[in-house]
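J.: Here is how the chains run, residue by residue.
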Amino acid sequence: MNPALQGLLTIAIGVGACVGYFYFANQILDKVIFPARGPNAGRNINRANHIRPWLFLFPAIFALGLYLAYPVVETLRLSLSDREQGGAFVGLDNYSQMMSEPKFWEAMRNNMLWLIVVPAMSTAFGLLAAQLTDRIGWGNIAKSLIFMPMAISFVGAGVIWKLVYETRPDDIAQIGVLNAILAGLGGAPQTWLTIPFWNNFFLMIVLVWIQTGFAMVILSAALRGIPEETVEAAIVDGANPFQIFFKIKVPQIMPTIVVVWTTITLTVLKIFDIVFAMTNGQWETQVLANYMYDKLFRAGDWGVGSAAAIIIMLLVSPILVWNVHNARKEMR
Amino acid sequence: MDNIAGTKSGLIWAVHITVAVLVALWLFPTVGLLVSSFRTADQISTSGWWAALFPAEINEVYRAAAPDDNRIAEGDRFVVAGNVFGQAGAKEVLVWGVSSRAIDAYRAGEVADLGDGETITLLADGTYEWRGNDDQISGRGQRMFVTAGAPPEFTTGNYSTVLFTEGSGGGMAKAFFNTLTVSIPATIIPILIASFAAYALAWMEFPGRALLIAAVVGLLVVPLQLALIPLLKLHLGIGIGKGYLGVWLAHTGFGLPLAIYLLRNYMVGLPRDIIENARVDGATDFQIFVRIILPLSFPALASFAIFQFLWTWNDLLVALVFLIDATGETTVMTKQIVELLGTRGGNWEILATAAFVSIAVPLLVFFVMQRYLVRGLLAGSVK
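Sequence order for the protein chains is A and B.
The numbering used here puts the first residue of the first sequence at 1, with every later residue one more than the last.
The numbering used here puts the first residue of the second sequence at 1001, with every later residue one more than the last.
Among the hints, erroneous ones may be present.
Unchecked claim - Only part of the chain A face toward chain B is listed, based on derived beta-carbon distances under 10 Å:
(1) L68
(2) V72
(3) V73
(4) E74
(5) I195
(6) F197
(7) I218
(8) L266
(9) L296
Said to hold, decoys possible - Below, computed lysine-lysine pairings styled on DSS-like, alpha-carbon distance capped at 27 Å:
(10) A:K270 - B:K1242
(11) A:K249 - A:K329
(12) B:K1233 - A:K270
(13) A:K249 - A:K103
Said to hold, decoys possible - Restraint ranges, calculated between C-beta atoms of paired labels, are given here:
(14) B:A1088 - A:R224: 25 to 31 Å
(15) A:G187 - B:L1025: 43 to 49 Å
(16) A:V250 - B:L1094: 19 to 25 Å
(17) B:Q1287 - A:R77: 43 to 49 Å
(18) A:W283 - B:I1238: 38 to 44 Å
(19) B:A1041 - A:A12: 37 to 43 Å
(20) A:A88 - B:I1238: 22 to 28 Å
(21) A:I226 - B:I1292: 33 to 39 Å
(22) A:I248 - B:V1280: 46 to 52 Å
(23) B:T1040 - A:V321: 52 to 58 Å
(24) A:R47 - B:G1269: 27 to 33 Å
Keep in mind the hints are simulated off the structure, nothing from the lab.
Backbone N, C-alpha and C define an ideal beta-carbon position, used for all residues, glycine too.
Only chain B is shown next, with the shape it has when bound in the complex:
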């Protein structure tokens, strides 16, 4: 419906600008976290993350090299030359001065007159030349107050700290694997169970089918908060305790209604002919399911797999209740981050990096599999 008649070009510009503003607003917080995770603690605490994208201005004081050792005679005059930054071009001189009261007196390349023929000049790359007579070029080096621009500087040091330092600094690598151990079976098991059930609900005749479908729709919205106490008691009672098995079972139970609902809706729409032909040819239900239904249902399976994976990866509550015991050996990333928020609330380099480690995988999954995610959302909520 692009360019429908009556659309004014001015309005189209308003649309472009509004969308650009919306996108910028939505992206800005996440970009802030990403940029912060590559900055050092010092940088983070002295300037906002948006400043990291531009050259930073810093004020520094340098001294010319000690004249008595470094001066070179040129006739009856002497010269001390060198570079204030140590190596040419490490930073860029913007303005400079020779007195603390006028630190921006000269631009780069200008010559400062120090009186009685004594001069000093400072180039943009940091090279200086200090000239004068025997008496002037002696004692201590001339001071230079430099306002320099440093190029944007980023570090990956935070990531190694957060991933590999045990204790309160991070240990995110372990938590990362724990999260993976939770979410992969917690994604696959409900898919297996739900796809068999969905097939039965879609293509097998048996009494009570309609009632079961209604029950699934009802259970779709039961808040999992209700399940916490009874199930924790049950798990402790039958000896599963807190651990991976418990958290897989819990995620399976909580994910099943959506899985069955999505998959059944999809399977019902598959062509009846294929299934009946297979039946006539003597295929059993198990064969029909494995050879025909499963491959044809791939889009629906993928949609649900993404949902469940994102949900289990990002989950905090279920892991808190069913997985993490007093030893903390099985801690997941979300829990680790909440802990860091409590203990290292001001250390943004640690927090931002830890958070980004945990959201990197979902973001990757999101951008690669977005098509299936959208399809699943549409199937799951629009009638």
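With the rest of the complex left out, here is chain A:
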């Protein structure tokens, strides 16, 4: 069968099943189980209305429970059991095995580097772009172009930047921009992605390139929300543009900066595709998510793989607690 037709058919079935559930579940509730007629019509309507929220919520709760809550518990269990002993409980053996591997510590070190550099640079560039584009006529076009990498996949971005970092032998023309510039300045071409330690930064640039647009969009909205009187008062008092920006505007949007920072931090903690596509963790560029993937699907060791996943979860959990705390405070 034509792949396009096959795709369409599978799409129709998947979506149709979903629509069908909501429609027929409601019909059955109202017409069959608690029909709104006969001697108990009034009581039946009330009963149906008590059940309906759960009817609406059931698929969501089921999917959330099965696809997010259950795996957290199950991964924790797997990280404490051993594959070779048929899943027997082995305590922290997997963790101690993992901690004895230099590759794990390399991944930890790199993840920490990513955690510092990427949110800081993305937020800084985003703030700069947001502040500057708000003041000029073609600001919206500029914003849209800086925002664009957000739509590009990590893998696509990996290819784009590999072309930038491309290296050719010394005696022929360089086709990577970075080496072409270096050659223009009279330097020897470098294989950027294989220089240990610094290659991490070349990978980070890719994510900064993607995330800056996100930071810019959010921070730009926050900057527009600043009451104009505060800025005007500062001007009257003789503040220069830099003082206005750093002493008046930035403090007022601090909460938004924190939100942007933590959102990017979450992305960084889970970063996988860029490293997987560009270096696959070679030349000391390993990160936790790719280390985990290696353990799970290349080494087939789900004990250590799950332990690595739990480490990622632990790193995320402070943000989780903070978010839930904020959401509850807001609802009161």
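Since the structure of chain A is provided, determine the placement of chain B on it from the hints.
T.: Below, chain B alone, put in the same frame as chain A:
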């Protein structure tokens, strides 16, 4: 806040220049990929993509047509005329010479003196005239060392190679449809499920509502890495195995927290009057939801749809784990590109084109629906 008092015009210029530099930096890598995807393998490997935008300079050696067959008598002298490029104007002669030691001796249109009255002239469009006596215009044609400028040249050949050649060369057309098959249901299904749940969480009274909302906020940040092994085991255990159903379910599960969160926040803000009036008029919850809430929530639905579509289209990890089996029949574009990076790492014409095929759709969606994307981002992260 344009032109606020105290803004100096010099500073405004600095702002314009800084933004221009930022935009150029951000755009440059993507443009490089786009341009490279329209160049041949030869062009890519001999010059950087930025050179493709300007006429290329090439050095070539031509010979005048064989005199014995082509010469024309003009009195006691002979002339051989023709065009080195075959047809006039195919390229442009910049400089030329008649000896390999001085290939840039003459400009186009100048006359080269070959001694004893023998001359040759070459015009910019490639037309030459070689004049001399009987003895000089004979034997082999006069050599010309030409530095020519070729106009920028682009090809769409890479796209047909990448899309329609099966095997390691591409097969991106199939991967394209596979990606589409993954991402469309994986966008629609969570929207359906989440909008019902969001309505219940926003407008229906039942015990445990606050707890459920807090749980959704918590699950928002759970890394999907945790779900890989338990769910793959589950899928294999209950017979779904690796395939579309599995990947749809996985994307649905991972996308739901954000969907519920965004939609609930939006629905809570809808005017209470409309909903209560409808209730008084005897509308059921199902009717209220379908007839009133859904149409009013369109902006929020659109925002989430874009997020989820971009996310599922661009995803690699979930597809690797839940979809792609050993046969590779269901491979998606991101996986195909990673494979090409491994096997055809140096073939930039293939890589660039494949990557561009995969990012074209998200870019289109991005530029058309940007408004909703921005709105969704603001609703999703700023309190």
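J.: All hints are to be evaluated individually against the structure, with a verdict given for each.
T.: Hint by hint, here is what the structure shows:
1. Nearest Cβ of chain B to the Cβ of L68 (chain A): about 5 Å, under the 10 Å cut. The hint holds.
2. Interface hint status for V72 (chain A): upheld, as the beta-carbon distance to the closest one in chain B is roughly 6 Å, under 10 Å.
3. Among the interface hints, the one on V73 (chain A) holds; its C-beta lies about 8 Å from the nearest C-beta in chain B, closer than the 10 Å criterion.
4. A hinted interface residue such as E74 (chain A) counts as satisfied when its beta carbon comes closer than 10 Å to some beta carbon of chain B; here the least separation is about 4 Å, so the hint holds.
5. For the restraint placing I195 (chain A) at the interface with chain B, the shortest Cβ-Cβ distance is roughly 18 Å, beyond the 10 Å limit, so the hint is violated.
6. Below 10 Å, beta-carbon pairs count as interface contacts, and F197 (chain A) has none with chain B, the closest being about 23 Å; its hint is therefore violated.
7. A cut of 10 Å between beta carbons decides the hint on I218 (chain A): the least distance to chain B is about 6 Å, and the hint holds.
8. Interface hint at L266 (chain A): satisfied, since its Cβ lies 6 Å from the closest Cβ of chain B, which is below the 10 Å cut-off.
9. This hint holds: L296 (chain A) has a C-beta 6 Å from the nearest C-beta of chain B, less than the 10 Å allowed.
10. A threshold of 27 Å between alpha carbons decides the hint, and for K270 (chain A) with K1242 (chain B) the separation of about 23 Å falls inside it, so the pair holds.
11. At roughly 26 Å between alpha-carbon atoms, K249 (chain A) and K329 (chain A) fall within 27 Å of each other, so this suggested pair holds.
12. A C-alpha spacing of about 21 Å is found between K1233 (chain B) and K270 (chain A), which places the hinted pair at or below 27 Å, so the restraint holds.
13. Distance restraint check for K249 (chain A) and K103 (chain A): the Cα-Cα separation of roughly 43 Å exceeds the 27 Å cut-off, and the hinted pair is therefore not satisfied.
14. Roughly 60 Å separates the CB atoms of A1088 (chain B) and R224 (chain A), a value that falls outside the hinted 25 to 31 Å.
15. For G187 (chain A) and L1025 (chain B), the hinted distance range of 43 to 49 Å is not satisfied, since their beta carbons lie about 21 Å from each other.
16. Checked against the given bound of 19 to 25 Å, the beta carbons of V250 (chain A) and L1094 (chain B), roughly 55 Å apart, lie outside it.
17. Taken as a hint, the range 43 to 49 Å holds for the pair Q1287 (chain B) and R77 (chain A), whose Cβ atoms sit roughly 45 Å apart.
18. Restraint check, W283 (chain A) to I1238 (chain B): a C-beta distance of roughly 41 Å satisfies the suggested window 38 to 44 Å.
19. For A1041 (chain B) paired with A12 (chain A), a C-beta distance near 41 Å keeps the hint of 37 to 43 Å intact.
20. Here the CB-CB span from A88 (chain A) to I1238 (chain B) is close to 24 Å, well matched to the stated 22 to 28 Å.
21. Taking 33 to 39 Å as the suggested C-beta distance range, the pair I226 (chain A) and I1292 (chain B) conforms, at roughly 36 Å.
22. A C-beta distance of roughly 50 Å is found between I248 (chain A) and V1280 (chain B), which places it inside the suggested range of 46 to 52 Å.
23. Between T1040 (chain B) and V321 (chain A) the beta carbon distance is about 56 Å. The supplied range of 52 to 58 Å therefore holds.
24. Hint check: R47 (chain A) to G1269 (chain B), Cβ distance near 30 Å, so the stated range 27 to 33 Å holds.
Consistency with the previously given hints fails for numbers 5, 6, 13, 14, 15 and 16, ordered from lowest to highest.
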